[in-house]
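Student: These are the residues of each chain, in order.
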Amino acid sequence: MTEKRIVIEPVVGEEEASWEERLRSFPWWFLAMIFIAIGVFFVVSTNESYNAAFNFIKAGLTITIKTTLIAYVIALGFGLLAGLGRISKNVFFNNLARLYVELIRGIPILVLIFFIALVGVPSLVNGLNAIGEWLNNAGIAFLSKPFTAITNQDVSMNARAIIALAFTYGAYLAEIFRAGIQSIGKGQMEAARSLGMSYGQAMRHIILPQAIRNVLPALGNDFVAMVKDSSLVSVLAVRDITQVARLYAGSTFRFREAYVTLAVMYLTMTVILSLIVQTVERRLRSND
Amino acid sequence: MTNSDNIIVVQDLFKYFGEVKALDGVSLEVGRGKVVVIVGPSGSGKSTLLRCINHLEKPTQGDIWIDGEKLTHNIKTINAIRAEIGMVFQLFNLFPHLTAIENVTLAQTVVRNRSKEEAEHIAMEKLKRVGIPEKAAVYPSNLSGGQQQRVAIARALAMGPKIMLFDEPTSALDPEMIKEVLDVMLDLASEGMTMVCVTHEMGFARSAADEVIFMDFGKIVEHTTPEGLFNNPQEDRTKLFLSQILQH
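Going line by line, the protein sequences match chains A and B.
Start counting the first sequence at 1; every next residue gets the next number (the numbering used here).
Start counting the second sequence at 1; every next residue gets the next number (the numbering used here).
No wet-lab data here; the hints were simulated from the structure.
Take every hint as true, because none was put in to throw you off.
Listed next, the in silico DSS-like pairs over lysine-lysine satisfying Cα-Cα at most 25 Å (straight line): (1) B:Lys34 with B:Lys219; (2) A:Lys89 with B:Lys76; (3) B:Lys128 with B:Lys162; (4) B:Lys76 with A:Lys186; (5) B:Lys128 with B:Lys116; (6) B:Lys21 with A:Lys186; (7) A:Lys89 with B:Lys58; (8) B:Lys34 with B:Lys70; (9) A:Lys66 with A:Lys228; (10) A:Lys186 with B:Lys58; (11) B:Lys76 with B:Lys116; (12) B:Lys58 with B:Lys219; (13) B:Lys128 with B:Lys179; (14) B:Lys21 with B:Lys70; (15) A:Lys89 with B:Lys21; (16) B:Lys219 with B:Lys239; (17) B:Lys21 with B:Lys58.
So these bits of chain A aren't anywhere near chain B, every CB distance computed over 10 Å: (18) Ala130; (19) Leu247; (20) Arg282.
These stretches of chain B come out as covered by chain A in the derived footprint (C-beta under 8 Å, 3 or more residues): (21) 83–89; (22) 95–105; (23) 153–159.
Keep in mind the model is a prediction, meaning the values are calculated, not measured.
Built from N, CA and C at the ideal position, the CB exists for glycine as well.
If we strip away everything but chain B, and leave its shape as in the complex, we get (with noise of 0.2 Å):
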């Protein structure tokens, strides 16, 4: 809050799903333009956390404050500070009654209120960005799950967002199409985009992460570099998850 670096900043935050405990009482502060990957296994609360971050899940307690302004239920200021917040879902969930550059023009005229003309210039520059501007007139029940996702991503980058949220991202893809998603989150870190990302894609956490948080039971475990997770991990549960899934 007065560290006007940290453009998200987390604070005691809990949230129970009925009696399940989903966040026990997290807290983190990511910095502007950093990239930080949330690993851990299932049922860890690393979407949840995700989740409350824009507020498509409310905390049950605790603080949330996006670029310095506090999360608050008021819905207009929710609104205004999700427009902000770019987020891809783990199923993409692209519009499929819209075409592709269609799903990316919406939000911008809605919310934007940008011109017609303006949000479809945006929006080509968005889908070349992501490398599929030929695919601008399909509907997404004619795109490959890569490039669905890609559209997703072209479509958060639309709004211009200071933040973007990845909720596993690429879990729903083939292995063969899960590069061509990773290239474009790796082009956008690269370009000083804040990022934070439960993602399972550990080379992605090695090459493209300045941070790497590692969560289970609703805790944050451990929160180091992905050297210090990858090669010296503290806690016993952290080796445990690292051993488990790069045994392979």
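Just chain A, with the same shape it has in the complex (with noise of 0.2 Å):
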């Protein structure tokens, strides 16, 4: 017993180092958080009054991940079209796409949540309206169906919230975007062009690809980014978690059970998409 142990003494020695360095590198915050993740979740479950908020609480759950989800899909959409435009050659594109971008990014979100909901939608509403009633005066009536149909009314602050969200990050993914698009070296585009490919072609099949896979991590921080802002649609009465739990502390004056119960499940949700974007970010690298 006593020789073995003089064999394996250096390699104790050195276990005991990695296990310095590993006790070092351990993720002691995530641990932290599991903690007080456990310690809340036993709170909430056997409290009443944090259950009671919980309760109340999570009838706002649909309406937070429905608008990140639709606006996040959306804003996609304009990132990728003003992604492109940002590199394109074509200069009414490229300037338009940089006007888009600039205003936005130069502007809090909230500020743009409020402008876009209760100015931007109204004023396009009331345009498409003062199109509808000239082509009826012009004595084309089915024509002018489509744009008199909608009114004010009919866009509720949720689809604002969604149109608002979508909008602004648009200019946040194309950046993004951009930095992938131009990440991928020159060669692609020109061997796609050789082989008689158009630009939409090389665009699509070859250079889109590798860009989005490329930016895919920071594509997912921007969804948890999005998650998180996502509260700002409170201040249009939007019933997400937010508004819920402003709701449910104005009328108890349960201000701490109301918002700590909605920073763990905003905290919840953010760690769980964190932790799927890292490892979608370490699957990829490996794959490299």
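Two chains, each in its own frame: build the complex with the hints.
Tutor: Take a look at the structure:
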């Protein structure tokens, strides 16, 4: 036994050193977060007042998830178009995309949500109605139908919130797409074009598949950010978890219960999503 | 233009990159089935000339006819003409997100509207021709440089081009891989493919070229046969260049 110990001593020493290293690099913050989460879940499930708060607030979960998902998908579309515009040699599209990105990124998201929902959307609807009226007066009534059919009352605050979030995030995603496309070497486009592909075909089959793969982690991070920023739509009285939590706090005066529960709900969503993003990122890197 | 035997006609080509004059009034005719090798010091405009022929670079001035059709800025005709001109790059430029066979089939289906089965059949044929059918399912990152370049050649050949352009195809290869690529090129030359090759492989120029062009400072200095260039160069600049590269 003693002999054996002598033989393995250096190995133990090495292990101890690596243990120290391991302890140092261990994600303690994550452990702490799990403990907090477990503690909070315990409290929420056992403490009646937290339990009541959670049961009330969870009614807003569908709206939060739906708003984020729909807005993000639309934002991906806006972002891709604007990103392509940013690298386009066409002066009009290039400047239009640049204007969009610079305008949006220069204004706080909260202000943009107010502006788009309460100024932008009504102006757009009024404009459409005006076109419809003009068509009606011009004697082409059947064409005016789709323009006059929509009124400001038809566009719910939920829809406006989604439009506002999508339009805002589109500008941020545009920069991600632009960076992704520009990260692909010039030779790829040249090789595709030399085979007779059009610019669009080369983009679709050669450049974008590689670019999107490269920016997948960044897109994921922005999705996580959007989950958090979706709380801003509560200013439009959209009944997401933030708004419902405010209502609960306001009517019961249980501020602590309401906002602790709310914070934990966001944290749970973002931590899970971040872990998924990190896993995807690691997979992509190991595939390279 | 009038002589239909000339598949490439270049007339008075000028190309400026800002202030830099890359091509300085180049005129050139390449006969059908001929192998033309362009040599010259770096920066002499060889690659630029090649890239103008399939319009990857827009000439500042001058005209190019491919098989009797004039190259204009009309993008539809450019795409159609490019499909007839295969190009092989120094850095291979394979599509890294596609396997070898997908690299060879993609443009066939997208540009030539071939069915997937037909495209794959042709792709396998071309991969066999360049000697690596067993690598069909492999991604470029798992291929050696020589293998990548051969897939790139197969990719260009699968389009059924009338002309093949080679832009220093062996310059980025380790010495032991140069031969496998040159062998494929020699094969192509012997089968009567029209080829324009920018290369530093003088052995290839000697054995495969019908004509050799020496370029310097954007101009064609000498346009002659391989024997003429290597054994009896006329211009001082040609002699100097040859003495520098053939010394060792």
